[in-house]
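**Student:** Sequence order for the protein chains is X and Z.
Numbering of the first sequence is given in the numbering used here, commencing with residue 1 and proceeding in unit increments.
Numbering of the second sequence is given in the numbering used here, commencing with residue 114 and proceeding in unit increments.
Treat the hints as calculated values from the structure; they're not laboratory data.
One or more hints might be untrue.
To be verified - Computed list of chain Z residues with no C-beta within reach of chain X, every gap over 12 Å:
id: 1; residue: M123
id: 2; residue: C125
id: 3; residue: S138
id: 4; residue: Q155
id: 5; residue: Q158
id: 6; residue: H162
id: 7; residue: N167
id: 8; residue: R181
id: 9; residue: H190
id: 10; residue: I202
id: 11; residue: T222
Stated by the list, open to error - Covered stretches of chain X (in silico footprint by chain Z; criterion: 3 or more residues with CB under 8 Å from a CB of chain Z, positions within the stretch not fixed):
id: 12; region: 62 to 71
id: 13; region: 101 to 110
Stated by the list, open to error - Short derived list, chain Z residues pointing at chain X, Cβ under 8 Å:
id: 14; residue: G128
id: 15; residue: Y147
id: 16; residue: P157
id: 17; residue: Y159
id: 18; residue: G218
Every residue gets a Cβ at the ideal spot worked out from N, C-alpha and C, and that includes glycine.
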Amino acid sequence: NAGVTQTPKFQVLKTGQSMTLQCAQDMNHEYMSWYRQDPGMGLRLIHYSVGAGITDQGEVPNGYNVSRSTTEDFPLRLLSAAPSQTSVYFCASSLGQGNSPLHFGNGTRLTVT
Amino acid sequence: DAKTTQPTSMDCAEGRAANLPCNHSTISGNEYVYWYRQIHSQGPQYIIHGLKNNETNEMASLIITEDRKSSTLILPHATLRDTAVYYCIVRVFNTNAGKSTFGDGTTLTVKP
């Protein structure tokens, strides 16, 4: 049981480049989310999904796109990378009911130069 | 979801109990208190949650005051591996956990 898997672990981009951060979970969780964490700070919600085909914006959605074509996968796309997007990105998932907790991946460390 | 307030940092001696407070004075009746921790920039890890009764599991105990406006996470015998950032959040039952708001948490340093 792999849980939540994020790839790549590290990435360096130049300003203006685009890329996709991958997130996959094998727990059949309905809910998936993307957070970013800047140095020394807490997590901020970028986008979330309550099921395949359904996504919505979180606190800091600008500059990012998501889609949810399957239950398992929730990729995060950076459209045109900016130095302000240098951060650690965490993907999380949870069951869709009750008081189920979040399960996090180990993050993607992104540097934009 | 209700906001939470935590101290920025705390120290604890190895082997002693670590008591981490959290204030959630605007919590509503259907909101649960959750605790997570983040060790050395890994993904946050779920610890425990509760509604109004005290809870205990293999990792920690959660004490919620009778008025539910504050809670304390207790690590009974802290080890060096418990050094981490601890997050207290509140969430309405049966809602999307993925919309949870994480503040800056409490940095717990366990010292030898």
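**Student:** Look at each hint and say if it fits the structure.
**Tutor:** These are the hints, each one checked on the structure:
no., hint, verdict
1, M123, "16 Å, holds"
2, C125, "21 Å, holds"
3, S138, "19 Å, holds"
4, Q155, "6 Å, violated"
5, Q158, "7 Å, violated"
6, H162, "6 Å, violated"
7, N167, "16 Å, holds"
8, R181, "15 Å, holds"
9, H190, "23 Å, holds"
10, I202, "9 Å, violated"
11, T222, "15 Å, holds"
12, 62 to 71, "violated (count 0)"
13, 101 to 110, "holds (count 7)"
14, G128, "28 Å, violated"
15, Y147, "6 Å, holds"
16, P157, "5 Å, holds"
17, Y159, "4 Å, holds"
18, G218, "6 Å, holds"
In this structure, the earlier hints numbered 4, 5, 6, 10, 12, 14 are contradicted, and the remaining ones agree with it.
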